[in-house]
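> The listed protein sequences correspond, in order, to chains A and R. Sequential numbering from 1 applies to the first sequence in full-length UniProt numbering. Sequential numbering from 1 applies to the second sequence in full-length UniProt numbering.
Misleading hints may appear alongside valid ones.
Intra- or inter-copy, both count: the list cannot distinguish identical chains.
[Unchecked claim] Straight-line C-alpha distance at most 30 Å; calculated BS3-like pairs for lysine-lysine:
# : residue 1 : residue 2
1 : Lys261    : Lys39
2 : Lys209    : Lys73
3 : Lys209    : Lys32
4 : Lys207    : Lys73
5 : Lys73     : Lys6
6 : Lys6      : Lys112
7 : Lys225    : Lys32
8 : Lys261    : Lys159
These aren't lab readings, by the way, just hints derived from the structure by calculation.
One-letter residues, chain by chain:
Number of protein chains: 2
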Amino acid sequence: MRILVKISYQGSNFLGFQIQQHGRTVQQQFEKILKRMHKRHVRIHPSSRTDRGVHAIEQYFHFDTELNIAPDKWQYAMNSALPDDIYVNEVSIVDENFHCRYDCVGKRYRYKVYQGAHRDVFMSGLKTYYRDDLDIEKMNEAAQYFIGTHDFTGFCSQKTEVESKERTLYQSEIIKTENGFDYIVTGSGFLYNMVRVLVAFLIEVGKGKRQPEDVPKLLEAKDRKQVPFTAPAEGLYLEKIYLAPEELVNDFGSDIKIHRKKSLEND
Amino acid sequence: MRILVKISYQGSNFLGFQIQQHGRTVQQQFEKILKRMHKRHVRIHPSSRTDRGVHAIEQYFHFDTELNIAPDKWQYAMNSALPDDIYVNEVSIVDENFHCRYDCVGKRYRYKVYQGAHRDVFMSGLKTYYRDDLDIEKMNEAAQYFIGTHDFTGFCSQKTEVESKERTLYQSEIIKTENGFDYIVTGSGFLYNMVRVLVAFLIEVGKGKRQPEDVPKLLEAKDRKQVPFTAPAEGLYLEKIYLAPEELVNDFGSDIKIHRKKSLEND
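So here's chain A without its partners, still in its complex pose (with noise of 0.2 Å):
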């Protein structure tokens, strides 16, 4: 039986999702439980591998198992073992050709930033913090020019190891808030460190280093030399895991390019 689990987490204090030879992560603490329950090691397989420090208000994982247990029984088990800073909102049945991974044909990310004559402690690993004014007008502007498809080569880690660095950006904007502001992102997948350069940049944009129009040429140029800035993962939120095409299409029209994964891409 396969088994599907939406969850939120902290990630302040977590070396990210994957687990890792020594140190706390959100899949170290999910197989922990699991294992306990199985009498076996039972993997995990999420969405989406967030980096350190990153949050999830959604992300999803998928287990099989041979433990008949009810939907709701399987989130209260989790959620009594669980540290505070992880959630299990919903559990499911799932059909066993349901893949978390493969079956992801989208996602969005929202990037919060605060601004202010001074940092406020209690936003410490919640939001990144910016002290100089920034021109969100410009900002949002160059937003804009990242929507549709484009090769983001020049906006990604260059540890990023996939055959295509092509990507469907649907949505890409500025949002001003109370002390700051939010960059909403969603797409059909992302590079490695994607989000976090396209952040850091569009700030270089709101400091009026660089012009809304500078966006054609560096997508067009494909060299991360001339974007070399990636924004801290502590303002970096993973908001919500499209699992299909037909979410993507009530959101953003019928007429939009829907990726398929086939293989094992690293995003």
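Using the hints, position chain R against chain A.
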């Protein structure tokens, strides 16, 4: 020259204020910076030694220096070197007779609780979660009973090592918040774990397991076994330090009882 420093910190990732053999503390972070600047050890003296996991919206410490640095330069130097869960809000030069601990005539704490059907991972370390419904009015009624001068032996850790366990509370109230409540308490001083014991007791009142009218006899009993619970540290915030009797009179009127410290008391 004696320097007074007003700070905030997010307590989640500290073992508390006071320096320890091993582990990260607030005192250690500042003394490391001051040692680098002075080329010798410089001891700092706080108004309050908060416990592991406890936050400070406002806390003070002082230290003595021979360095001739302007207050705003001290602030800049410290903030540049501090991690992002501590912040220096203000620096001033004070009289050499001033002492952060002995001149502290009162403190205010705030304890934050959120409620609801689900845990919120983004409140982890910042607010305490209670799922059950609570009778906030009953809790507030009970809270009022603590105002005034009482022996709080029954409402503190049995490890408390001070001569007198008499303290005066000027304010003790529960206020409803968007998704829970805050307990706000201002007093001449607080015994070890006292606020967390008060909160745990008030929650018992909220659940209907205790009555507001129980307070006078529990104060009278001076027996911690009758008040056995302690609320977790994560919801506790040191909110204000009163460094002069006039400030207390300003907030609570001229007929209040003011306690001045004479000895090295542990609160």
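> Which hints, by number, does the structure contradict?
Numbers 1, 3, 7 - these are the hints that the structure violates, sorted from lowest upward.
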